[in-house]
Amino acid sequence: MTVDSAIQHWQEQIKGALAEGKRLRIRGAGSKDFLGEVGAFDEDINTQSHQGIIEYAPTELVMTVRAGTPLATVKAVLAEQRQYWPCDPPTFGGAGTVGGAIAAGVSGPGRVAHGAVRDLVLGVGMINGAGQALKFGGQVMKNVAGYDVSRLMSGSFGTLGLITDVSFKVLPLPEAEVTVVRSETLEQAHERFLQISRLPLPCSASAWFEGASYLRFSGSNAGVEDARQTIGGDVVIADIWSQIRDHQLDAFAAAKTVWRISVPPGSQAMLSQCSLLEWSGAQRWLLDPDIDPRSTLSEGHATLFRAPVTDQTQRFQPLSAVVGGIHKRLKHQFDPQGIFNPGRLYQEI
Amino acid sequence: MILSRDQLKVRLQAICDGHSVADQARMKVYESDGLTAKKQLPWLVLLPATIEQVQSIMQLCHAHQVPVVARGAGTGLSGGAMPHHEGVLLSLARFNRILEVDQVNLLARVEPGVTNLAISDHVRPLGLFYAPDPSSQIACTIGGNVAENSGGVHCLKYGLTVHNVRKLVMISPEGERYELGSEAFDSAGYDLLALMHGSEGMLGIVVEVTVKLLPVPVEVAVLLAAFTDVGQAAEAVGQIIDHGLIPAGLEMMDKLAIQAAEAFVHADYPLDAAAILICELDGSSVEIEQQQALLTQVLQGAGAVQVRCAKDAEERRKLWLGRKAAFPAVGRLAPDYYCMDGTIPRRELASVLRSIADFSQIHGLPVANVFHAGDGNLHPLILYDANQPGELERAEAFGADILRLCIERGGTITGEHGVGVEKINEMCVQFSAGELSVFHGVKAAFDAQGGLNPGKAVPTLQRCAEFGAMHVHRGQEKFPELERF
Ligand SMILES: Cc1cc2nc3c(=O)[nH]c(=O)nc-3n(C[C@H](O)[C@H](O)[C@H](O)COP(=O)(O)OP(=O)(O)OC[C@H]3O[C@@H](n4cnc5c(N)ncnc54)[C@H](O)[C@@H]3O)c2cc1C
Numbered sequence: 001m002t003v004d005s006a007i008q009h010w011q012e013q014i015k016g017a018l019a020e021g022k023r024l025r026i027r028g029a030g031s032k033d034f035l036g037e038v039g040a041f042d043e044d045i046n047t048q049s050h051q052g053i054i055e056y057a058p059t060e061l062v063m064t065v066r067a068g069t070p071l072a073t074v075k076a077v078l079a080e081q082r083q084y085w086p087c088d089p090p091t092f093g094g095a096g097t098v099g100g101a102i103a104a105g106v107s108g109p110g111r112v113a114h115g116a117v118r119d120l121v122l123g124v125g126m127i128n129g130a131g132q133a134l135k136f137g138g139q140v141m142k143n144v145a146g147y148d149v150s151r152l153m154s155g156s157f158g159t160l161g162l163i164t165d166v167s168f169k170v171l172p173l174p175e176a177e178v179t180v181v182r183s184e185t186l187e188q189a190h191e192r193f194l195q196i197s198r199l200p201l202p203c204s205a206s207a208w209f210e211g212a213s214y215l216r217f218s219g220s221n222a223g224v225e226d227a228r229q230t231i232g233g234d235v236v237i238a239d240i241w242s243q244i245r246d247h248q249l250d251a252f253a254a255a256k257t258v259w260r261i262s263v264p265p266g267s268q269a270m271l272s273q274c275s276l277l278e279w280s281g282a283q284r285w286l287l288d289p290d291i292d293p294r295s296t297l298s299e300g301h302a303t304l305f306r307a308p309v310t311d312q313t314q315r316f317q318p319l320s321a322v323v324g325g326i327h328k329r330l331k332h333q334f335d336p337q338g339i340f341n342p343g344r345l346y347q348e349i
Numbered sequence: 001m002i003l004s005r006d007q008l009k010v011r012l013q014a015i016c017d018g019h020s021v022a023d024q025a026r027m028k029v030y031e032s033d034g035l036t037a038k039k040q041l042p043w044l045v046l047l048p049a050t051i052e053q054v055q056s057i058m059q060l061c062h063a064h065q066v067p068v069v070a071r072g073a074g075t076g077l078s079g080g081a082m083p084h085h086e087g088v089l090l091s092l093a094r095f096n097r098i099l100e101v102d103q104v105n106l107l108a109r110v111e112p113g114v115t116n117l118a119i120s121d122h123v124r125p126l127g128l129f130y131a132p133d134p135s136s137q138i139a140c141t142i143g144g145n146v147a148e149n150s151g152g153v154h155c156l157k158y159g160l161t162v163h164n165v166r167k168l169v170m171i172s173p174e175g176e177r178y179e180l181g182s183e184a185f186d187s188a189g190y191d192l193l194a195l196m197h198g199s200e201g202m203l204g205i206v207v208e209v210t211v212k213l214l215p216v217p218v219e220v221a222v223l224l225a226a227f228t229d230v231g232q233a234a235e236a237v238g239q240i241i242d243h244g245l246i247p248a249g250l251e252m253m254d255k256l257a258i259q260a261a262e263a264f265v266h267a268d269y270p271l272d273a274a275a276i277l278i279c280e281l282d283g284s285s286v287e288i289e290q291q292q293a294l295l296t297q298v299l300q301g302a303g304a305v306q307v308r309c310a311k312d313a314e315e316r317r318k319l320w321l322g323r324k325a326a327f328p329a330v331g332r333l334a335p336d337y338y339c340m341d342g343t344i345p346r347r348e349l350a351s352v353l354r355s356i357a358d359f360s361q362i363h364g365l366p367v368a369n370v371f372h373a374g375d376g377n378l379h380p381l382i383l384y385d386a387n388q389p390g391e392l393e394r395a396e397a398f399g400a401d402i403l404r405l406c407i408e409r410g411g412t413i414t415g416e417h418g419v420g421v422e423k424i425n426e427m428c429v430q431f432s433a434g435e436l437s438v439f440h441g442v443k444a445a446f447d448a449q450g451g452l453n454p455g456k457a458v459p460t461l462q463r464c465a466e467f468g469a470m471h472v473h474r475g476q477e478k479f480p481e482l483e484r485f
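Protein sequences, first through last, are from chains A and B. Under this note's numbering, the first sequence has 343 at position 343, and the numbering climbs by one with no breaks. Under this note's numbering, the second sequence has 177 at position 177, and the numbering climbs by one with no breaks.
It is worth saying that the hints were derived from the structure and are not from the lab. Think of the CB as a built atom: it goes at the ideal place given N, C-alpha and C, for glycine as much as any other residue. Just to be clear, a hint being listed does not mean it is correct.
Derived CB-CB ranges, DEER-like [said to hold, decoys possible]: (1) A/237 to B/52: 31 to 39 angstroms; (2) A/199 to B/388: 16 to 24 angstroms; (3) B/229 to A/328: 53 to 61 angstroms; (4) A/212 to B/243: 35 to 43 angstroms; (5) A/232 to B/29: 25 to 33 angstroms.
So these bits of chain B aren't anywhere near chain A, every CB distance computed over 12 angstroms [stated by the list, open to error]: (6) 2; (7) 85; (8) 86; (9) 161; (10) 176; (11) 188; (12) 320.
Dumping the calculated DMTMM-like pairs for lysine to aspartate or glutamate here, alpha-carbon to alpha-carbon at most 25 angstroms [claimed, not checked]: (13) B/38 to B/315; (14) B/157 to A/288; (15) B/167 to B/208; (16) B/212 to A/12; (17) B/157 to A/225.
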């Protein structure tokens, strides 16, 4: 399908849905079907057939792709030019599309150094709830014309519209990269991660699980070697980071419920209970906790990331009244009849 | 209870304990921002100092449908803080305290009227800094930086304001307090924190900002490369990135800008160069040494006739000073200058520069060029004399030509200075009616009554119809059949 015909096809489906009062579930590879609320829908609108790189000029550090493009394709094409997409979104079950990665806004281990998905989004093409095809942002690094709708789409779980194509910032692959491991307790690792974040070292990822901490340094040969010597530890050859990112660690396989706790890195909240600590301490994963972590969490927020469908617990942290009101009004502006992914993020939107 | 305008004025002044300005002569300092061609006196200037005062002001103004325009330092370059003739100009200047520095989580919580530079100055003894550094950093406020999503000369590596702010405390047009973002790296729901950046005071009043701090790099090197041809300098930028180098800063100045800066601050720039690149590297000592060697090689390969590395901190300061003082320096060459702010894909730099030179001939006005070259963000400075009949109009027509060219080349009409009142017509060129309607929808979701900064940033569809602009489709859409595979 050419760009225009795919968009026209969807516009027709959307207009049909509007006429018949149908609700649509936007879906890419379905790798994150488990994430968020189930929501209510009558039919799928699938982006997987809408694939391909629309534009990529490596010296611009920008790639523009169709929403259904697999993350694996993006990674491979970038790697050919010795570049990468530093936010490194997860590919659960090995799958995942760019559109889904943007809509879910989930970032990988590299988030600490080079930013989250939302930090790298430069522009989107989308279809709103009235069936209009629109473009926001663009292919340049700096752009303040109009409100930043492209970043707003990141993490909106398809509730504001169908993303048709995306432009994002990419970076040159680091010249060198090394991961070091050390056996230590969670508390020791946490303390050390915090110390390292205060040093001007090219630390690009940090994680602790099962009694060992892992630190990744990325940058120039000299800078990485410098950091390795300063920090010490044994060099790891295996690709531990994609296992962490995609929740392939053994403990995750056995878990029924997976909670994601997002707190300031130095926070003590849920520290002792967490099975995986990431992002210098700012991202914590709890497996099968006895009580709802939200009942004691006084800062940050908690997401019930994975749970049996029968679990009625609200997936995302409830919003304050004022912010919830803004959400409802924004949803209404983008999708007045509420046809896109209703209830996937919050009941009211 | 509904008050008369005079009663309302008394009430509003009382809220601020008399920190207000109402007489015409004293209000003159507030009549424009850095875009001095657009002037307007407000009805009343208020200078609150507490969040509760801002809430009371907003509640009263909302109830009486009085427009409110927020103002930081007034250094904006698009008229964003230009007052409304029937409205309150809400100055955040007295919100000037740094409230807290969190050395564990590397955050600073500050009031919106704190200047950009004050944050870095405050945390430098701790070995930390706040990365975005607009050239106006000694004066501009962090609240204004959020409202414009300001950039600086170090944005290539460290990002814009939106990448360096964690949390905002906001006051709604109705006077309600709410928070966006958090001390954690993200928060639940829509990314309203991102949406607030660059929203030009249209969606809410920023009353507190929590920024991210970074450890000061061990070493810094600043290189200056001189070229005899502007096109070569532009090509060099792409080649640097092609070699996998992301400098902390990568700036370019053309001949007129070089000469003006040299005359103004004696930065020791080569006066015979057609263009210079200023390039900063940071990292560990060994790292810098390696990168500097590679960078020098790339620059020479690209045709640089001179590559010089600053020997010490003083020389580095001087090289940056010339760049940071470029606007006022160019300002000395003519009675007035008009600063543009388009962004283009980097590969278009050389050809866009040639077109700007042609426009300069056509409109009969000189232009000096300063860019954030690494980001493709252009700042052509058009020189004119507002006292000469027709010159302002010519300068504006010249500027409009540049902006249209930026859109045609796949870029945007504003990279960091905002739309304000200045580029409102060009918004009709860059966006379709449907897209503009979405912007109005966003505005309505935050400010249903439209009392915040009315008439700015997003044109009405009616205005676009009158302006008669055509929506030019972006370059990327012209050849959809040309796929990479
Ligand atoms: C010499 C010079 C050099 C410059 N260099 C740069 C540069 O390198 N990079 C760059 O990005 N910009 C630059 N600028 C532009 C300007 O400094 C920035 O846009 C700056 O962020 C404006 O801050 P301010 O405090 O002066 O805001 P103001 O001009 O007072 O206001 C700007 C906008 O923000 C809104 N606003 C201000 N405070 C608040 C608040 N608390 N809550 C809600 N809305 C608010 C206003 O309503 C207005 O719309 C330069 C300007 C000058 C004069």
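Hinted pair, alpha-carbon criterion (25 angstroms max): residue 38 of chain B, residue 315 of chain B. Please report holds or violated.
It is violated: about 38 angstroms lies between the C-alpha atoms, which goes past 25 angstroms.
Should the label of residue 176 of chain B as a non-interface residue stand, given a Cβ cut-off of 12 angstroms to chain A?
5 angstroms, violated
So if I understand the rule, the pair passes when the alpha-carbon distance is 25 angstroms or less; does residue 157 of chain B with residue 288 of chain A pass?
The given pair, whose Cα atoms are some 40 angstroms apart, is violated under the 25 angstroms limit.
Outside-interface status for residue 2 of chain B - nearest CB in chain A farther than 12 angstroms:
25 angstroms, holds
Any Cβ of chain A at or closer than 12 angstroms to residue 320 of chain B, or is the non-interface label fine?
Correct as stated: the minimum Cβ-Cβ distance to chain A is 20 angstroms, above 12 angstroms.
Take a quick look at whether residue 157 of chain B and residue 225 of chain A sit within 25 angstroms of each other, Cα to Cα.
Holds, at about 21 angstroms.
With 25 to 33 angstroms as the target window, see if residue 232 of chain A and residue 29 of chain B comply at their CB atoms.
58 angstroms, violated
Is the nearest Cβ of chain A still more than 12 angstroms from the Cβ of residue 161 of chain B?
The claim is violated: residue 161 of chain B sits with its nearest Cβ about 10 angstroms from chain A, within 12 angstroms.
Does the Cβ-Cβ separation between residue 212 of chain A and residue 243 of chain B fall within 35 to 43 angstroms?
36 angstroms Cβ-Cβ, so the 35 to 43 angstroms window holds.
Is it true that the CA of residue 212 of chain B sits at most 25 angstroms from the CA of residue 12 of chain A?
45 angstroms, violated
Does the beta carbon distance between residue 229 of chain B and residue 328 of chain A stay inside 53 to 61 angstroms, or does it fall outside?
57 angstroms, holds
Should the hint that residue 199 of chain A and residue 388 of chain B are 16 to 24 angstroms apart at their CB atoms be regarded as holding?
57 angstroms, violated
Hint check: violations occur at hints 1, 2, 5, 9, 10, 11, 13, 14, 16; the rest are consistent with the structure.
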